[in-house]
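Asker: As a plain string of letters, each chain reads:
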Amino acid sequence: EPEVTQTPSHQVTQMGQEVILRCVPISNHLYFYWYRQILGQKVEFLVSFYNNEISEKSEIFDDQFSVERPDGSNFTLKIRSTKLEDSAMYFCASSEARGGGEAFFGQGTRLTVV
Amino acid sequence: GENVEQHPSTLSVQEGDSAVIKCTYSDSASNYFPWYKQELGKRPQLIIDIRSNVGEKKDQRIAVTLNKTAKHFSLHITETQPEDSAVYFCAASIVGGGADGLTFGKGTHLIIQP
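Protein chains in written order, with the numbering used here: chain V, 10 to 123; chain W, 2 to 115.
I should point out that these hints are in silico values taken from the structure, not numbers from a laboratory.
Among the clues, some could well be false.
[Stated by the list, open to error] Calculated pairs, DSS-like style, for lysine-lysine (alpha carbon to alpha carbon, straight line, at most 30 Å): (1) K72(W) x K23(W); (2) K72(W) x K58(W); (3) K51(V) x K58(W); (4) K23(W) x K87(V); (5) K23(W) x K58(W); (6) K69(W) x K51(V); (7) K58(W) x K92(V); (8) K59(W) x K72(W); (9) K59(W) x K87(V); (10) K72(W) x K107(W); (11) K66(V) x K92(V); (12) K23(W) x K69(W); (13) K43(W) x K92(V); (14) K66(V) x K87(V); (15) K51(V) x K92(V); (16) K69(W) x K92(V); (17) K87(V) x K72(W); (18) K59(W) x K69(W); (19) K66(V) x K69(W); (20) K51(V) x K66(V); (21) K107(W) x K59(W); (22) K43(W) x K107(W); (23) K72(W) x K92(V); (24) K51(V) x K59(W); (25) K59(W) x K43(W); (26) K23(W) x K92(V); (27) K87(V) x K58(W); (28) K69(W) x K58(W); (29) K43(W) x K23(W); (30) K69(W) x K107(W); (31) K43(W) x K58(W); (32) K69(W) x K87(V); (33) K87(V) x K51(V); (34) K58(W) x K107(W); (35) K59(W) x K23(W); (36) K66(V) x K107(W); (37) K66(V) x K72(W); (38) K107(W) x K23(W).
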């Protein structure tokens, strides 16, 4: 069964450093998303991406965040200057339909900022 | 934007009994309502979803009901088993246009007592 894959599974970084989280969505999906889950809290929408551009972003997705689809398979989330409060599980998701319909999640990258 | 409220935050039931989790949403344009199950340390996994053109959907021991007038939807699990223990998230979105991302509720920690 096809699935969304994310790397790395765990990333530890120093405050102020840049991190890139990587995702390979399901191959026939057209809509890609990043979500964040702070430990013990709900899943929060960050950004959606379609046709090589951002289609929607939340208030959380400020100027320190960016997304890119550098080739035909990868989808990346970059955090330019990490803060302690960026520590969370970051989930990539993909779907065939716009609006998150039947979105499939990757296993997540746990980001720890120290 | 959309706001999804979910309750209870914790639900403990005896094995074999039924469990009901309820959610309300604020945006009347929302038309897609998935439920995700998240086991500890794992990704959210879609277990059932419902679209606004139906009032109820069932899949074995799991059912979801939707009341568009009242803007609430519920997850029903019958004959609960130990493997049903997890955190359950409801979500809402607008498939086919408008907001792209899923808006999640805060989650319900379901505990199945043996």
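Asker: All hints are to be evaluated individually against the structure, with a verdict given for each.
Answerer: The hints, checked one at a time:
no.: 1; hint: K72(W) x K23(W); verdict: 11 Å, holds
no.: 2; hint: K72(W) x K58(W); verdict: 16 Å, holds
no.: 3; hint: K51(V) x K58(W); verdict: 25 Å, holds
no.: 4; hint: K23(W) x K87(V); verdict: 36 Å, violated
no.: 5; hint: K23(W) x K58(W); verdict: 15 Å, holds
no.: 6; hint: K69(W) x K51(V); verdict: 24 Å, holds
no.: 7; hint: K58(W) x K92(V); verdict: 43 Å, violated
no.: 8; hint: K59(W) x K72(W); verdict: 19 Å, holds
no.: 9; hint: K59(W) x K87(V); verdict: 40 Å, violated
no.: 10; hint: K72(W) x K107(W); verdict: 17 Å, holds
no.: 11; hint: K66(V) x K92(V); verdict: 19 Å, holds
no.: 12; hint: K23(W) x K69(W); verdict: 14 Å, holds
no.: 13; hint: K43(W) x K92(V); verdict: 24 Å, holds
no.: 14; hint: K66(V) x K87(V); verdict: 14 Å, holds
no.: 15; hint: K51(V) x K92(V); verdict: 20 Å, holds
no.: 16; hint: K69(W) x K92(V); verdict: 41 Å, violated
no.: 17; hint: K87(V) x K72(W); verdict: 36 Å, violated
no.: 18; hint: K59(W) x K69(W); verdict: 18 Å, holds
no.: 19; hint: K66(V) x K69(W); verdict: 26 Å, holds
no.: 20; hint: K51(V) x K66(V); verdict: 17 Å, holds
no.: 21; hint: K107(W) x K59(W); verdict: 23 Å, holds
no.: 22; hint: K43(W) x K107(W); verdict: 16 Å, holds
no.: 23; hint: K72(W) x K92(V); verdict: 37 Å, violated
no.: 24; hint: K51(V) x K59(W); verdict: 25 Å, holds
no.: 25; hint: K59(W) x K43(W); verdict: 25 Å, holds
no.: 26; hint: K23(W) x K92(V); verdict: 35 Å, violated
no.: 27; hint: K87(V) x K58(W); verdict: 39 Å, violated
no.: 28; hint: K69(W) x K58(W); verdict: 14 Å, holds
no.: 29; hint: K43(W) x K23(W); verdict: 23 Å, holds
no.: 30; hint: K69(W) x K107(W); verdict: 21 Å, holds
no.: 31; hint: K43(W) x K58(W); verdict: 26 Å, holds
no.: 32; hint: K69(W) x K87(V); verdict: 38 Å, violated
no.: 33; hint: K87(V) x K51(V); verdict: 22 Å, holds
no.: 34; hint: K58(W) x K107(W); verdict: 23 Å, holds
no.: 35; hint: K59(W) x K23(W); verdict: 16 Å, holds
no.: 36; hint: K66(V) x K107(W); verdict: 20 Å, holds
no.: 37; hint: K66(V) x K72(W); verdict: 24 Å, holds
no.: 38; hint: K107(W) x K23(W); verdict: 11 Å, holds
Violated hints, in rising order: 4, 7, 9, 16, 17, 23, 26, 27 and 32; the structure is consistent with all others.
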